[in-house]
Structures are given as structure tokens and as C-alpha cells.
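Peer 1: Residue numbers (this note's numbering), protein chains in the order written: chain V, 11 to 153; chain Z, 11 to 153.
Just so you know, the hints here were simulated from the structure itself, not pulled from any lab data. The structure displayed is predicted, hence computed values, not measured ones. Some clues are possibly wrong.
No copy is singled out in the list; a pair is fine if it fits within one copy or between any two copies.
Derived EDC-like pairs (lysine to aspartate or glutamate); straight-line CA-CA distance at most 20 Å [to be verified]:
(1) K109 - E73
(2) K109 - D63
(3) K76 - E41
(4) K90 - D113
(5) K90 - E26
(6) K102 - D24
(7) K90 - E41
(8) K102 - D12
(9) K109 - D24
(10) K76 - E26
(11) K90 - E73
(12) K76 - D24
(13) K102 - E33
(14) K76 - E89
(15) K109 - D67
(16) K102 - E92
Protein chains: 2
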Amino acid sequence: MDQRISLITLGVDDMERAAAFYEALGWTRVESPDGVIAFDLIGQTLGLYPKADLARDMGVAAETLKGSGGVTLAHNLREKHEVGLLAARWDKAGGTVLKAPHDVFWGGCIAYVADPDGVVWELAWNPHAPLGQDGAFQWNGAL
Amino acid sequence: MDQRISLITLGVDDMERAAAFYEALGWTRVESPDGVIAFDLIGQTLGLYPKADLARDMGVAAETLKGSGGVTLAHNLREKHEVGLLAARWDKAGGTVLKAPHDVFWGGCIAYVADPDGVVWELAWNPHAPLGQDGAFQWNGAL
Numbered sequence: 011m012d013q014r015i016s017l018i019t020l021g022v023d024d025m026e027r028a029a030a031f032y033e034a035l036g037w038t039r040v041e042s043p044d045g046v047i048a049f050d051l052i053g054q055t056l057g058l059y060p061k062a063d064l065a066r067d068m069g070v071a072a073e074t075l076k077g078s079g080g081v082t083l084a085h086n087l088r089e090k091h092e093v094g095l096l097a098a099r100w101d102k103a104g105g106t107v108l109k110a111p112h113d114v115f116w117g118g119c120i121a122y123v124a125d126p127d128g129v130v131w132e133l134a135w136n137p138h139a140p141l142g143q144d145g146a147f148q149w150n151g152a153l
Numbered sequence: 011m012d013q014r015i016s017l018i019t020l021g022v023d024d025m026e027r028a029a030a031f032y033e034a035l036g037w038t039r040v041e042s043p044d045g046v047i048a049f050d051l052i053g054q055t056l057g058l059y060p061k062a063d064l065a066r067d068m069g070v071a072a073e074t075l076k077g078s079g080g081v082t083l084a085h086n087l088r089e090k091h092e093v094g095l096l097a098a099r100w101d102k103a104g105g106t107v108l109k110a111p112h113d114v115f116w117g118g119c120i121a122y123v124a125d126p127d128g129v130v131w132e133l134a135w136n137p138h139a140p141l142g143q144d145g146a147f148q149w150n151g152a153l
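I would like the entire structure built from these sequences, with the hints used as guidance.
Peer 2: This is the structure:
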């Protein structure tokens, strides 16, 4: 199994609400098949998909698919002050700030936020792990 | 907000069990700070982190962080027969096959599987969306 994640799929309650949220943050959707709204990332895609359809495909009850469980998605930023700016933008766009930006013991600054479907993201500035020119992140290059 | 996810963090109950599972699938961890086990992917990293620590950082009860909620991670494969081979490997490594490989209406073949912490992955072959040479996936290039 090669080390890659091709798609991150978010099962959402309202497709256009979810898409409008990420678009309000500055993202642009790409053309995709009916029933999916897709945002290309770096080497992978984030896909929005109706939660009821995801539950059907998985063979589980839709009520069991809440939030993001023990999974968080991190969006790293190049500058410390961007963490606060982006957290404010999430709030304004209809997301929730779970934990306001704060300094952490390892020298970075992070915030926890959630999208309208309760998917938890970490907004982070990590001075030990600069992003590549194209925004790519690799832990190994950071040490 | 640029279109990127820097890290996907999985809050896990047992760090070495979780790491051993992904290593059994063929992944190799990179050096990372104490308390984190990291696997570099394409332009991003998957990080394993103790669920109790993630709950503390997020300010929630650890019991609320179960599985992956409405989020699934997809690992796309180049050939249809690889879906079945990889699902079998997940099973052998201690994962769970939630839905065995099966053809889907859009022409692909997928399986749903879960890791030992209940994080749901989709193993997929999508003939309409070939992977790049390095394994990268972009939806836009696929249409």
C-alpha cells in the first residue's frame, strides 16, 4: 500500500451549504460528477458527498456519521498571525471556533475549529515545519 | 485559505498498535517529535496521536472521539484487482472489511474498510481518474 490518501470525503447534511462554507474561505470547486462537490488540494482531493448517500454506500445508519470522530484535518499556515485571521474567517463563514488560537509548548500556535457539519480542523503555525513553495507539508523535511 | 490539508491526524487508543497496523500495510514512519508517529504522504502527512491527548488539546471528552464520523479517507489504486488484494491485506493486518470489494454504478470498484481504531477508509479503483506518476490524485484532471 503506497503512502497516499487520494480523497478525503466529508459526508455532509446539505451539499450547497457545505460547499458555500469552503468557498467563503476562498476555495474553488472543480468540475465533478453529479452528486459530488470536489476541491482539488495538493496531490489529493477533498470531496463533499451527501451523508445519507455515504451511509447507504457504507451500509450504516446516517445518524452514526457525526462530525469527524477521532480524526482532525490540519491546515498549516506560513505565519503565526494567519492562525487568528483564519479562525476569524471560519467564524464569519459559519464555522465554529472550538479553541481560540493559542501558543503551544512546542513553539507553535494552533486553533481548533469545526465546519458546519462538525468536521474538526486544526489551524496551525509550526515554526519547525515550514511549508514547501507549493504549500506541501512533509514531516521528514521538518526535522 | 489555500487549498491544502497539511496533516491528517488520527487520534488512536494505542500508538504502537496503530503504527504497527499501517506498517503491516507497507508504510514507513518518519522521524517525528515525541508523542507523534508520522507517515509522510504526497504533500501532506498522516499523524498518529494518542486519543487522550487529542481530546485534551481539543477540550472534549475522549469518549466523544470515536472512529471517523462522517469522514472517510480514500486510497485509490491503479488496477481493479488491487482493491481485493488490499482489502485482504487490511483484514490480515487486523483491520475490518466493512464492505467487500464490489463494482459500483459509475464504473469503478470499491471496498470500505476500517483500521483498528475504527477510522473508515475507502479502497477504490476509478477508471475515470487515473493517478499521476507519483500517485497524486486530482479530480479536475480526471474529467
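Peer 1: Please write out, lowest number first, the hints stated earlier that are contradicted by the structure.
Peer 2: Going through the list in order, the structure violates hints 3, 5, 7, 9, 11 and 14 and respects the others.
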